[in-house]
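Please model the entire structure based on the sequences and the hints provided.
Heads up: the sequence shown begins at 1 in the working numbering, then just goes up one per residue.
Hint data in this document are derived by calculation from the structure and do not stem from the laboratory.
Values in this document were obtained by computation on a predicted structure and should not be read as measured data.
Ranges of calculated distance between the beta carbons of each label pair, as one might list FRET restraints:
id: 1; residue 1: Ser305; residue 2: Glu196; range: 38 to 44 Å
id: 2; residue 1: Thr130; residue 2: Ser305; range: 36 to 42 Å
id: 3; residue 1: Ser307; residue 2: Pro56; range: 51 to 57 Å
id: 4; residue 1: Gly68; residue 2: Lys25; range: 20 to 26 Å
id: 5; residue 1: Phe396; residue 2: Glu120; range: 17 to 23 Å
id: 6; residue 1: Lys476; residue 2: Arg218; range: 27 to 33 Å
id: 7; residue 1: Asp449; residue 2: Phe266; range: 23 to 29 Å
id: 8; residue 1: Val347; residue 2: Asn195; range: 41 to 47 Å
id: 9; residue 1: Asn195; residue 2: Gly395; range: 31 to 37 Å
id: 10; residue 1: Phe396; residue 2: Glu82; range: 19 to 25 Å
id: 11; residue 1: Pro338; residue 2: Glu196; range: 36 to 42 Å
id: 12; residue 1: Ala430; residue 2: Gly68; range: 48 to 54 Å
id: 13; residue 1: Ser490; residue 2: Arg188; range: 46 to 52 Å
Note that beta-carbon positions come from the ideal geometry of N, C-alpha and C, so glycine has one too.
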Amino acid sequence: MGKVESKLYIIGAGFAGQMIAEDIKRKKIFGEIAAFLDDDESLIGRKIEGIPVLGPIENVASLLRVNGIDEAIIAIPSAPVERIRQIYQTLKKSNFLHIKILPSISQVVNGKAHLVQAREINPLDILGRTPIIIPLHESLAYLKGKRVLITGAGGSIGSELSRQLLSGGAERIYLFGHGENSIVKIYRELHLLQNEGVGEKAAVVPIIGDMKDREYVRFIISHTRADVIFHCAAYKHVPMMEENPVAVIENNVFGTKNLLDAALEFGVERFVLISTDKAVSPVSVYGVSKMLSEKLVLQAAKKTSSSQSFMFVRFGNVLGSRGSLLPIFMEQIQNGGPVTVTDKDMVRFFMTIPEACSLVLQTGGVGKNAQAYLLDMGEPVKILEIAEQIIRFSGFEPYKDMDIKFIGVRPGERLYEPLWLEEEDPKPTAYKKILKLTTKDPETFILDDLLEKLKPICSWDEKQKDLFRNREELIKILRQAIPTLDEYYSEQQNQGKHVDLSESVKVVL
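Right, dumping it as C-alpha cells:
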C-alpha cells in the first residue's frame, strides 16, 4: 500500500493566498496544493497557476474528501474576526484537523505574505473584535536607521514588538532580557523570519542582563548607543508579586529608574514605557510598582533635552500573553478540566498582542515628551464568556463536557480594572485608538522621598541593614503613600482574606 500524500487547501485566492502557493511550490514542501477555496464568484471555476479555485467556501468544504493529514491555511489577512470564526467552524465540520492561519497583521496587508508567518489557529483568532490594521511601514518611518532596544524582549509584548520592528528599517534591534531561553527563542525566530524575506534587514543583537544592575544598565545604554527604548520588562503576576513585594518594587521601580537615568545621561531620543490598567488606583504591589514607573517617566521627561521624548502607553489585558488566562485555560482543557474562573462577574478590557504592539509602535513615533497615552480597549468582556468560548473552540460544550469552577478573587485582584482616573480625562488624538491623558503630580507622596524610603529595603545598606528585604516595612511605607492600597488591604484584612504581613514570615526573595 502506497504512502498517502497530504493535501493542502488554501482558503482565499487573493494576493496572500497566491503568495503562499508560490512559496510552497518554490520550496517544494508539504504535499500537493489541492485547491484554493474562495467566495469570489469571478474567481470560482478558474485556475491560478494551475491550481483550481473552488467555492463558495461554506458549500464546497463539506464536499471535500479530507483525511487526517490534510491541512488548510486561511490566507485572508483582511478578514474580520466574525468571518474567520465562520470559516474555522466550516473547516472543523468538514473534518480538517490541521488548520493554520496567516495573522491579520499589517506586514501581510502591505503586500507581502510568507509561509513562515502562518501558524496554528488559536482562540485569539476567533475571539473578540476585529483588530485595527496599522500600516507599519508608514508608522515606523521614525525608526529608519535607528538603534532600538527592547527590554523584556523575550516576553509576549517584547517579542511581538520585535517581530513588527522588522518592518521598520531599524539599523539594529537589541533584544534585552534576563531570561536566556526566551531571548534565544525570539532571536532565532527573528532570524528565521528575515531569512524567509519578512521585513527589512536589521542587525539583531541579543543582550542578557538584569535591569536591576544599575552599572550594567549604564554600560549597555552607553555602548549600544540606543536611539529608542521600548521598556516592556516587568514582574507582572499579581498574586505572585503579593507574595514577593520587595522583588517587584526592586525590579519594576528601581529597574525602570536605572533605565531612565541611563537614557537621560546618554541622550536616548525616545523612551516608551509599557504600562497597565493596574496602575490606576492600585490595590496590589504590582499595580503600585507600575504607577510609580509612570511617575518616574514623567519626572524624567522634565529633565530631557529638546531632542528627547519620554512617555508611557497604558492599556489593559492582552489576549495570549504568558501567564494570562488564555494559555491557562488551554492547559486546563488539555488536562481534562475544570476550567477555573475567579468570579462570574469579573470583567476585563482585552486587545490582541499584535494590535496592542502596533499601537504602541505608532505612539512611540507620534507621542510627545512628558505625555501619557491610553489605548482604546473597547468594551470590557466577562472572563466567564471567554472561558466558555475557549471551551467551545476546543471542541467541548461548557458545563456538559467541560466544567467551569469559580475559585474566588485572589489577593491584589478586583472584579473591574479601571483604565484611567477621572482627572486624567482621556481625549482623542489624531490617531485611531490612541487617547491622550491629562497628567498631574501625585498628591499623597513626593516621589523622590518615597524612593529614598524604599531603597534600603531593596538594596543592602550597612547603616540600615535591618530594613533589607523587610516586606512588612515596605508594605507599611506603600500603604502610607498610596490610599487605594491602604483601603484595599484594610478591607481584605477586615474580611479575613488578606495575609497580615506583620504576622507572616519575611520572604527574602
